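Colleague: Taken in sequence, the protein lines are chains A and B. Counting the first sequence from 1 gives a position; the numbering used here is that position plus 14. Counting the second sequence from 1 gives a position; the numbering used here is that position plus 14.
In short, the hints are calculated from the structure, not lab data. Be careful, since some hints might not be right.
Since the list gives no way to pick out one identical chain from another, each pair is judged satisfied if it fits inside one copy or across any two copies.
Within a straight-line C-alpha distance of at most 25 Å, the following computed DSS-like cross-link-like pairs (lysine-lysine) qualify [said to hold, decoys possible]:
| no. | residue 1 | residue 2 |
| --- | --- | --- |
| 1 | Lys308 | Lys153 |
| 2 | Lys358 | Lys59 |
| 3 | Lys59 | Lys303 |
| 4 | Lys303 | Lys358 |
| 5 | Lys303 | Lys123 |
| 6 | Lys59 | Lys123 |
| 7 | Lys153 | Lys59 |
| 8 | Lys153 | Lys303 |
| 9 | Lys358 | Lys120 |
These numbers were taken from a predicted model, which means no experiment stands behind them.
Now for the letters of each chain:
Number of protein chains: 2
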Amino acid sequence: MSQHFQFHLDHTDESTSARAGRWSTPHGVVNTPAFMPVGTLATVKGLTVDQLREAGAQMVLSNTYHLALRPGADVVAEMGGLHGFMQWDGPILTDSGGFQVFSLAKLAKLDDDGVAFRSHIDGSLLELTPQRAIDIQEKLGADCIMCLDECPPHDVPRERMLEAVTRTTRWAARCREAQTRDDQALFGIVQGGTDLGLREESAAGLLPLDFPGYAVGGLSVGESPREMYQTLDGTVPLLPADRPRYLMGVGTPRDLLEAVLRGVDLFDCVMPTRNGRNAMAFTSAGPVKMRNLKHQRDPGPLDPACDCPVCTRYSRAYLRHLFIAREMLGPILLSWHNIAFYQKLLRDLRVAIAENRAEEFRQVHLAAWGQ
Amino acid sequence: MSQHFQFHLDHTDESTSARAGRWSTPHGVVNTPAFMPVGTLATVKGLTVDQLREAGAQMVLSNTYHLALRPGADVVAEMGGLHGFMQWDGPILTDSGGFQVFSLAKLAKLDDDGVAFRSHIDGSLLELTPQRAIDIQEKLGADCIMCLDECPPHDVPRERMLEAVTRTTRWAARCREAQTRDDQALFGIVQGGTDLGLREESAAGLLPLDFPGYAVGGLSVGESPREMYQTLDGTVPLLPADRPRYLMGVGTPRDLLEAVLRGVDLFDCVMPTRNGRNAMAFTSAGPVKMRNLKHQRDPGPLDPACDCPVCTRYSRAYLRHLFIAREMLGPILLSWHNIAFYQKLLRDLRVAIAENRAEEFRQVHLAAWGQ
C-alpha cells in the first residue's frame, strides 16, 4: 500500500472474525467497521455535509456512473474534485460505474474491451472500459476507487457467472495498469454470485494483482439473506486479513452485524436515506413507520436510546406531522436519524469487538429488533 | 402593552420614516425592521431551526389555517404549543387563518358571525369566527397573534371593500374580547385595499381598540408595486408610532426597502423559500437563475458579498448541478441563502437607519439590483 494509506487492526474478536481497525486515507482516518452513507450525485440526499458529520459519518460514497452523466467528470475535476465540489473534506469512495451500467442502463454491447450502453437520462450511447473507469475516477478524485467489474443477475447459469468472473479479473488487471495516481487506493472486486467455487476462482485471480483492499460485489442483488451470509462465510476468509474488506451495497442493520462478524470492514447502502425519505426509521427497538396514526400525539422521541440531533429534539408527533403534511423536513430529519443510527450501531460494535463480545452484541441487537 | 412585550425605538431616520427598534417578546428580542421566514406547517420548508438561526432569523411566522387542518390545534397544544412542537425557541407569529380561508378554501357562507368554508384538503365543512380564530391561536401559543380579518380581492367595488372594512373592525372588537392570554400580543389588521379613504376608516375603527401593534393587510394581492407604495404612504402614518407595524405577506427585497422607509417594522413572505425551491436566488447584484448553463463551470460563490453558510462554502457550479440533478439539497441551500439574504438586508438597513442614510441605502441597493 502506498504511503498515503495505512490499515491498522486494533483488535480481532476472539470468538468471531470481527475486526476493529483504523484506516488512514489522504482525507483522514476511518474507524472500521465503517458505514459509508451514499451520496450518489455528490450529495447525500437532503443532508448538508455538516449534518453528515454530526451524524457521525466519517466517509461517504459517490457513484461514478451518475456523476459521469451529470455534471460530468471534467466539471467535477475543475471544481477541485469531489472533495471541493461537494465540500466533504473527509474520505470519499467512488464505485466504478459498472453496477449502474448493468442495472440502470440499456446494454448495447459487452465484450472484453468494455461495455457500451445507453444513458438512462437521455438515451445517448456511451462506453465504459476499465481504463475509462479509472480515468473518470481519477478525475473525481476520491480516496478509494474501484475496478470496473461485471455484475450479472445473481441467478444466471454457472457458465455465465464464470464468464463474468474471468472478465472481471481481466478488467481488474487493466485497471491496475491504468492507474496513474498514487493517492487513491484501488480495490479489486470479487464476483461469483452465491457459488463459492466461483468466489474462490475470482479471489484467486485478483490476489496476485496485490490490491490495497478488496471488495465483495454481487451480493444483496436478490439472493436471500441466508445465501448472502453463506457466501460471506466462504468468501471473506479468502481476502487478505491485513487489508480493508468492503461489502458493496449492503445493507440492513442485521446484514451489517452478520457481515462484520464474518470479517467485513466497510459498507455502503442507500437504505438509511431511502427508507428515511419514505418515513421508515431504524430504531433500537426495530423499524418504525413514521406515518402511523399511533404517533399522532406521541410526545416521546423517535428512539429514546439514540442521542442524534433528531431524537434529542423532536417528538414522534412532529415527525409524523411532517410526513403527513409532505414537508421536506420529514425526509431530511429521518435520513439524518437513520444515518446516525447506522453510525452508532458500528461505533458500539467496535467497542464490543474490542471487548470480545461481538457475538453477544449481535444476539442482543437481533432480539431487540425482533429478528 | 402587557409586561410581556416592550417596543423600543432606537432611532428614526432623519429624512425618511424608517425606524430601527427592538421588540421584546416572551421568547426573546427582535431587532426591527425584521423579516419573518414563513413556516406554514410549523416548518420553514427544507430548513432545520438551527439553519434558520444561522441564517440570522429571529422570528418566524406560521399559518393558523394550515395548522388547524393538520395536525390540528389540539395536537400542537399537547406538544407544548408551536415552540415545543417545531422546536423554535424564538418568537413566533401566527396569522388568523382568514387570508387562507379567503384565498385557498371554498367559501360556503360569510356574515358578521364568521365564515364557513370547505377544507382545501378533504372538502370538509369548517367554520372560523373571531372567537374561534383567537381560541386556535391561543392553543398554538405564538408570541404574536392576529385578529380575524376579511381580505377581499383588491379590485372589488368600493362598497364591497367598505363592507369588508367594517366587518374587519367588528371582528377585531370580538377578537380583543375573546383573548384570554396576556402573553400573546394581539394585532389589529387595517384593511381597505388601495383606497386611502377606506384605509383611514379602517384605522379609525381599530385604533380605539388599543391593540399593542397593527398590521397592514390586503396588500401584495395583485395591485401594482406603485399602488402598494402609495397605499403605504397614506396608511402607515395612521398607525401609532410607538407600536410595531407589520406589513403582511410582503414581499420582494425592493418592497421591504420601500416599506421600511415608509415606517414599517415587520414583514413576512414565502418568497425567499419558494423562489429558492425554484432555483431563483436573491443576490447583491439582483436575482440569479441557478439552472442557467452559464453557472456550469463557475467556481465562484453565489453571492461574493454574502457571508452565509452557502456562499462561503459552495460554488455556483455545485448549486447548479444540484438543481439540474433534482437533488433536495439544491432547494435546501438556496432557501437557506435567500433567507440569509433577507436577514442581511434588514440588518444592514438597521445600521443605515441609525446613521440617517436610509434613503441612500435604498438608492444604492435598487441600482445594484438593476431596479
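Colleague: Now tell me if each hint is right for this structure.
Modeller: Structure-based check of each hint:
no.	hint	result
1	Lys308 to Lys153	between (49 Å within a copy, 22 Å between copies)
2	Lys358 to Lys59	within (20 Å within a copy, 28 Å between copies)
3	Lys59 to Lys303	both (20 Å within a copy, 22 Å between copies)
4	Lys303 to Lys358	within (20 Å within a copy, 40 Å between copies)
5	Lys303 to Lys123	neither (43 Å within a copy, 40 Å between copies)
6	Lys59 to Lys123	neither (32 Å within a copy, 45 Å between copies)
7	Lys153 to Lys59	within (22 Å within a copy, 35 Å between copies)
8	Lys153 to Lys303	neither (41 Å within a copy, 28 Å between copies)
9	Lys358 to Lys120	neither (39 Å within a copy, 49 Å between copies)
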